[in-house]
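A.B. asks: Assemble the whole structure, with the sequences as input and the hints as a guide.
One line per chain: the protein sequences are D and L, in this order.
Heads up: the first sequence begins at 4 in our numbering, then just goes up one per residue.
Heads up: the second sequence begins at 3 in our numbering, then just goes up one per residue.
Treat the hints with care, as some may be off.
[To be verified] Once the Cα atoms are required to be at most 20 angstroms apart in a straight line, the calculated SDA-like pairs of lysine to any residue come out as:
id, chain 1, residue 1, chain 2, residue 2
1, D, LYS80, L, SER159
2, D, LYS56, L, ALA62
3, D, LYS56, L, ASP331
4, D, LYS56, L, PHE87
5, D, LYS187, L, LYS235
6, D, LYS144, D, GLU160
7, D, LYS287, D, ALA78
8, D, LYS187, D, GLU160
9, L, LYS235, D, THR87
10, L, LYS235, D, ALA88
11, D, LYS210, L, LYS147
12, D, LYS187, L, GLU97
13, D, LYS287, D, ASP238
14, D, LYS82, L, LYS147
15, D, LYS210, L, THR63
None of these hints come from the bench; they were simulated from the model.
Since the model is a prediction, treat every value here as computed from it, not as a measurement.
The chain contents come next:
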Amino acid sequence: MNGLKTLATTAVLLLAAASAAHAGVTLDAIKKNGFIKCGVSDGLPGFSYADEKGNYSGIDVDVCRAIAAAVFGDATKVKFTPLTAKERLTALQSGEIDVLSRNTTWTSSRDSAQGMNFTGITYYDGQGFLVNKKLGVKSAKELDGATVCVQAGTTTELNLSDYFRANKMKLTPISYDKSDESAKSLEAGRCDVLTSDQSQLYAQRIKLAKPDDYIVLPEVISKEPLGPVVRHGDDDWFDIVKWTLFVMVNAEEMGINSKNVEEMKKSTNPDVKRMLGVEGDRGKDFGLANDWMAVVIKQVGNYGEIFDRNVGAGSPLKIERGLNALWNQGGLQYTPPVR
Amino acid sequence: MAESRLPHPDLPPPASIIGPWGWMRRNLFSSPLNIALTALAAYLLWVAVPHLLNWTLFNATWSGDTRADCQANSGACWVFIRVHFEQFMYGFYPEAQRWRVNIAVLLLILGAAPLFIRTVPNPVKVKLGLSLLVVYPMVAFVLFKGGLFGLPNVETSRWGGLLLTLVIAGVGMAAALPLGVLLALGRRSKMPAIQTLCVTFIEFWRGVPLITVLFMSSVMLPLFLPEGMNFDKLLRALIGVTLFQAAYMAEVVRGGLQAIPKGQIEAAAALGLGYWKSMALIVLPQALKLVIPGIVNTFIALFKDTSLVLIIGLFDLMNTVHNATTNPDWLGFSTEGYVFAAAVYWLFCFSMSRYSQNLEKRLHTGHKR
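C.D. replies: So this is what it looks like as structure tokens:
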């Protein structure tokens, strides 16, 4: 028993030593390696997908590319590590990756007890419902007595029963292990409704034989803010990741995109000049090249471009901007200014 | 005036007991229970087969390049498999370097082929077999990994598809059998230290699920190692799979050892053979021959268990198929993908099973009933 205790203590001490060693050194280590180690999903349509040549694409992937562009001035200097949901947090804690960009929901326990720092929100997701048009249902409030397909063991399942209880409706849930199974059973009519995060519902809908027969209901019953994560304790690195995201959103707001960024450098607008590194030292404040923000926009694009090509109108998923529109266009994407 | 009575020539058997009709009467309709079972089976086939054939063949899409080509037909979309076929075979192995994998596979086939030809003399086979076990893995490793002789380096994280499945299964089998034999001998040893060690090892690894072993190797191990020291993920998985399977193999081999009568060892001792010689020349050849079904059973289980590496983010055949089903341009073809994966697994496992039966027949020396 004593031996076990010693072993456990040693392990904890080692862990503590390992995390203490991280402080302030992430960027140095990255520069020494010559690339950023980025943890992504092992396959989620629109967020992370590796094609037959091993080239990654998706929103989460583009965030990592943007960070590489910020640090190295070269968006290709990323090494992607596909991670399952179970191993993602340990991979970050153990230093196997520098940043986790893997549709991870920002929650209080992850931010505190699990030693993570969420750097921002790349995608405001929420749980929604997909129903067959034949049911004639227009709102989730009309789903009393419905049979609902849901993925087992997820917060989705808990949110579902909470929502039905709060609205005093009768619920018959059918749990499935894989999203493919639930799509098939919706198609076969084993359930009336399928519930999942909205971003996934659109992908699920494409899987059906007749996607046009199904609609996504307007109600969103949970908050699932997804964003990149770094380890606690290295504020310099935290700032870089956070502001890479902010820069992309600010760029969309200012109308700067990957195509016009060179022209915009000639702009007389002081906000634009500061951001693109033409005026002032706002870039150098981060310990990076002064024009890193311009490089990010040029090589990866602004937030709107990334959204559009991965999950929006320019992609097979065709998800509407909704909550992810800019704050001045009815959405929630609002970031502090570069100044 | 004797009237000779000639026997009537034999009549052909009645039509009801020969030919297809007779076969059916004997095998399918011999009793009320059999009639009922036959009817039930026929009904099930009637329900399932037309759908299956329609889906796999008649309504399937074979030609085209995009998802849109498949949407006109209600059946399977084999275009999905064709488009992703290279990915299923090699994973993310760089396209320009795939010839290296092909050469390694070709070398294996050429090297292993003489082992299956009966006219090749046994001493040659032994030498060839040993070099396949010892030299070939090194050659294959250099070919796959590169970094030597001017071959560009290919990270193990880019190995994938069937290639990775075969690497894990191959290394697991080649390493687990010798290790298992040693463990089995160790467990029967009269030296308490060795016996305890082997028993502990076997019972520990047999007592934990493979999925836990893989998970520990991928999630826990990095936390215990000093910062910056990162084992290759594939190497961790390979060690885990090998140790796990060696424990199982040890028990299979021990079963064979127990079946060898004591007299054999005593006779070997009487001939003046030492422990290792009597084991290698007298006991093991007999014991291993007895447990061929068990050994192959373990191998087949191992081959299928390799698909578990998907939980630690390695892209074996199964995970590569899963990854392809998340291709935004090809959503909704998971059934085709998994059917393909199942067919590949079945092909390999069935071949192993047939080979083992063949081996049993050839090594048959009248010891079986």
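A.B. asks: For the pair supplied as a hint, D:LYS287 and D:ALA78, confirm whether the alpha-carbon distance does not exceed 20 angstroms.
C.D. replies: 19 angstroms, holds
A.B. asks: Are D:LYS187 and D:GLU160 close enough, with their CA atoms no more than 20 angstroms apart?
C.D. replies: 18 angstroms, holds
A.B. asks: Does D:LYS144 pair with D:GLU160 here, judged by a C-alpha cut-off of 20 angstroms?
C.D. replies: Holds: D:LYS144 and D:GLU160 sit about 17 angstroms apart, inside 20 angstroms.
A.B. asks: Please verify whether D:LYS80 and L:SER159 have alpha carbons no more than 20 angstroms apart.
C.D. replies: 16 angstroms, holds
A.B. asks: Has the given pair, D:LYS187 with L:GLU97, been kept, meaning a C-alpha gap of at most 20 angstroms?
C.D. replies: Violated: D:LYS187 and L:GLU97 sit about 34 angstroms apart, past 20 angstroms.
A.B. asks: Holds or violated: D:LYS210 and L:THR63, Cα atoms, limit 20 angstroms.
C.D. replies: This hinted pair holds, its Cα atoms lying about 17 angstroms apart.
A.B. asks: For the pair we were handed, D:LYS82 and L:LYS147, check the Cα-Cα distance against 20 angstroms.
C.D. replies: Within the cut-off at roughly 17 angstroms; holds.
A.B. asks: Taken at face value, is the distance from the CA of D:ASP238 to the CA of D:LYS287 at most 20 angstroms?
C.D. replies: 16 angstroms, holds
A.B. asks: Between D:LYS56 and L:ALA62, is the straight-line Cα distance small enough, at 20 angstroms or below?
C.D. replies: 27 angstroms, violated
A.B. asks: Does the structure keep L:LYS235 and D:THR87 at a Cα separation of 20 angstroms or less?
C.D. replies: 14 angstroms, holds
A.B. asks: Given the hinted pair D:LYS210 and L:LYS147, is their alpha-carbon gap at most 20 angstroms?
C.D. replies: 37 angstroms, violated
A.B. asks: Given the hint that L:LYS235 pairs with D:ALA88, test it: the Cα-Cα distance must not exceed 20 angstroms.
C.D. replies: 17 angstroms, holds
In summary, the structure is inconsistent with hints 2, 5, 11, 12 from the numbered list given earlier, while agreeing with the others.
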